[in-house]
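Student: Use the sequences and the hints to build the structure in full.
Protein chains in written order, with the working numbering: chain Z, -7 to 300; chain L, -7 to 300; chain H, -7 to 300; chain G, -7 to 300.
It is worth saying that the hints were derived from the structure and are not from the lab.
Identical copies carry no separate label here, and so any pair may be met within one copy or between two of them.
Distance condition first, Cα-Cα at most 25 Å in a straight line; then the derived SDA-like pairs of lysine to any residue: (1) 60 with 163; (2) 60 with 72; (3) 60 with 80; (4) 60 with 276; (5) 60 with 14; (6) 60 with 76; (7) 60 with 184; (8) 60 with 15; (9) 60 with 202; (10) 60 with 176; (11) 60 with 266; (12) 60 with 264; (13) 60 with 255.
There are 4 protein chains.
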Amino acid sequence: MLLGPNRYGKAEIRVVRITRDADVHHIKDCDVGVALSGDMAAVHLTGDNAAVLPTDSQKNTVFAFARKHGIAEIEEFALLLARHFVDSLPSVHRARVAVEEYLWDRIPAGDGADGAGAGRTGADGTRASGTGHSFVRSGRETRTCVVHYDGPSERATVVSGLTGLTVLNSTGSEFHGFAEDEYTTLRPTRDRVLATEVRASWRHRAEHDGFGASYARARGALLAAFAGTHSLSLQQTLYAMGCRVLEECGELCEIRLSLPNRHHFTVDLEPFGLDNANEVFFAADRPYGLIEGAVLADDAPDAGFAWE
Amino acid sequence: MLLGPNRYGKAEIRVVRITRDADVHHIKDCDVGVALSGDMAAVHLTGDNAAVLPTDSQKNTVFAFARKHGIAEIEEFALLLARHFVDSLPSVHRARVAVEEYLWDRIPAGDGADGAGAGRTGADGTRASGTGHSFVRSGRETRTCVVHYDGPSERATVVSGLTGLTVLNSTGSEFHGFAEDEYTTLRPTRDRVLATEVRASWRHRAEHDGFGASYARARGALLAAFAGTHSLSLQQTLYAMGCRVLEECGELCEIRLSLPNRHHFTVDLEPFGLDNANEVFFAADRPYGLIEGAVLADDAPDAGFAWE
Amino acid sequence: MLLGPNRYGKAEIRVVRITRDADVHHIKDCDVGVALSGDMAAVHLTGDNAAVLPTDSQKNTVFAFARKHGIAEIEEFALLLARHFVDSLPSVHRARVAVEEYLWDRIPAGDGADGAGAGRTGADGTRASGTGHSFVRSGRETRTCVVHYDGPSERATVVSGLTGLTVLNSTGSEFHGFAEDEYTTLRPTRDRVLATEVRASWRHRAEHDGFGASYARARGALLAAFAGTHSLSLQQTLYAMGCRVLEECGELCEIRLSLPNRHHFTVDLEPFGLDNANEVFFAADRPYGLIEGAVLADDAPDAGFAWE
Amino acid sequence: MLLGPNRYGKAEIRVVRITRDADVHHIKDCDVGVALSGDMAAVHLTGDNAAVLPTDSQKNTVFAFARKHGIAEIEEFALLLARHFVDSLPSVHRARVAVEEYLWDRIPAGDGADGAGAGRTGADGTRASGTGHSFVRSGRETRTCVVHYDGPSERATVVSGLTGLTVLNSTGSEFHGFAEDEYTTLRPTRDRVLATEVRASWRHRAEHDGFGASYARARGALLAAFAGTHSLSLQQTLYAMGCRVLEECGELCEIRLSLPNRHHFTVDLEPFGLDNANEVFFAADRPYGLIEGAVLADDAPDAGFAWE
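Tutor: Structure representation (structure tokens):
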């Protein structure tokens, strides 16, 4: 028997960092996962733990680093951690650090009664304007990153992204001219609802100091391309979204998208003497279409282990 | 053996209603549940279905009503449905209709790149300003209502509410002076994080024509009271939130709140030579405190079956 | 403003109790929730915590009681806790303790390769026969109880139950002769799949010392009645299940059932030149029928606060 | 911009197949996902769907194949489907078909009151003995497979597995001798609870006609190795489990395991004057350790695209 690829670490470390700027507080709310690999044959074969830093110590490190270094952008925090584990432990050759960030708005100081969450945060999680220490969870998407640092090659890779960005076009979507076989009963349509929950990850060409602005640009490009594309298929929309992100974000070289096609079926109301010109839909859960694809810049460097 | 209280119906009917206002579309995205009760002894005792309108017909009714009447406010839609079932079926004496509404923002027509979801919707689900047919799911809370209509008494009750409104104060919360017994090890604190995920339901005095504005006022009052209360206990905050809602919403007479105390524990960093003046927290999942309570207006009428 | 009904406590305390019987271990794996009520006006109105035992102390009590008293049956454990809180704290007039129990089988000592989980546990969570300290989670259902103890009346109530018991009859179910209205398109059927996920709670007449055997009898009666009833409607099946439990369990006086009708639709395969005599089904998630009802013994005593 | 790797298909097709063997019915309850790839540049770049078989047709195919061919073992069903899509559509070069199977026991014909689910099924989903048409969902694990078929190379790969197999050793687990750094506070232990929820996938050397028996052997080997290994670390247990599966299943050549370390912390009861010799534990949710690793047979052939 041979031991194959392996890694270990602590998952789902829920760390919340409050920064007190006089009376104005800032919040970063994260879920961190660490996975280390290297000289780990002995622990698998004999249970010798000499090369194994406990996952409990990894957890402690995340909390201590949040105190010492703060969490400016999740990519920076992940890079600090990944380098630390590789550089301080000879048995660890590579570290993978993944972070999810949950976003918060400020509750307006004066009056929350507009119901509109004024004072909404940008991609940095909190906003400089406004006052106070009261927050409300915002948005439905989660900002993500996955960072690798490899000791022998001294190479780091950074992938950022998001999950849970749910979008819908109520028109401007068609589907026809498709292949048909003996099991095809679907009828072509010139007008349908197109809805999806975007899961996207994009690879940075290199480390840089604008991860927050980069996230805002990429998110905005995804929304703009989804809204602005007259769609003949969800694949076309996926490709348009990927291209738009790379066009607007020169710091990125590749993007991967996973788009479930959340079907909205037009309900047949004829039995009740009613027409239904794309006004009433049944939103189905399962099954759903699933469209996955990648777009790369023409000069994208080799990804290495970035996507592992 | 005796047959006790019973009801039946269709649950989780996912209906999406698009309204086309020239080039500007509006969306209402709902989950509807129907429960009917009445002369149902025979079906239980012998399987005689003569009194039973199929749950499939109830589902059809929801879709047909969405086409015929639109969905202006979920409370109005629920009232229409509840009255319909009771009035059209002699065997049905009472109907309960519950609706959850999922909220959407418009994707800005010009440029989505600000990352800030400009054009956010108010409590009516969509905003008159802005253009287009592209939407992004907004907020984390779900707007809810539960409506009852009783045939014999011709009485309707309306309870509105929300779930999933997650809020946090990073200071301004204390907990001390509590009872202690032989199992008490908790130490009093003068400064802690207070976080909760609000589940609230409020009872209307009567039907009215301002359910949308009422929701916005109540939501705003919850946020304002949470943010504005210097808290000595989560119970105090709960009561302040309930009072604020009733004070600002004369159309309401009762509110019930369920507030999980989402503990944020200050991490002990002393072993690593670091202080931690409420800057780094571990956000725990379980167990959690759970605080439940109601506030009533002095002149609240009898609730009847409103909370069933 | 008036403070209405309220309670507070610690929810989702995950306690695992291992009992070492020489080389044979026994496991009880529970989730405990405590809710206390009484003289709690001050904490709501002014934040005065003098009457408030911290939820942290409640959690400690659960762990300490698991050590001191063990967890024989979850109902007994809940009763011990409920009485303790009421009897030791003057401000607490009533305690509600809810327990969920997760069930485990033993992994057979000799050989796990039969794939069949021999050595399965009965209702007591573990089995006396067999050896060892290795377990595998079994079944999909969760055993539950909710206990109340009221100080002023010195009355205790015990409700036991289960959730997540998923059952299916592949024939022996009909649905026809139902009421029809203008929105009815469903066609009657003489043979359909009937599937549901049973949520049931049953009320004991009094405390007794056979909660484990009672649970096994009630669970068995539910299964036997579901399997043994030729069904003309899910309501009929519900009533049969309730009656069977009460008939076989004289210690019980009331049962409440909630049965989602998990629709299995016969797929139309005619377009592909295939018949489908109830052989291939699409298992739908939403919407679903929801049938709720109670059955009581003729001489059932008043429930009091048992169902709160 | 370049289009990178892509695929599309229908996910989460919930198909239930009933086979009527005179009065004895058999059930296969599956969730099927299809993903196709090939000449798909046009649909991405221009929205030309000529190469795209609708995901709706894929869904229809799954239901029609369930009728025509039955579902003997999920691997066989997946292979039939994968070959069909590649062989019948020139634009499709490769198909990936993933199946999850949910397991059912028979409800005993005579009497369900033993609470023990006699008549439990083996790996084939149902048991030949016993009678009737009544079933109860069994076990907590889900049986899985992922099959690929590649047209140009005419090569198929088969990976089987399971998720959700939750196991626990209440003793026989140690953890000491580990690496320590400045963030290490964990103390070594000679006796701890070891609990995990096994996610495992194993690769077959080739297609064969014993997938059902193979699954039972692999599942049994996982349980036997978990129970039979005195563990010095979860990595050691992982490797032992992997080796045991490959030793007992000559038809397999590789296994990949993902084992979350579900921490059970011994509760400190000293403040209450109680000892706690590994009797009372707090079962934590998050964070958790996560141990991932692969074991390969010495002569394992190249995996190709099996794990994609």
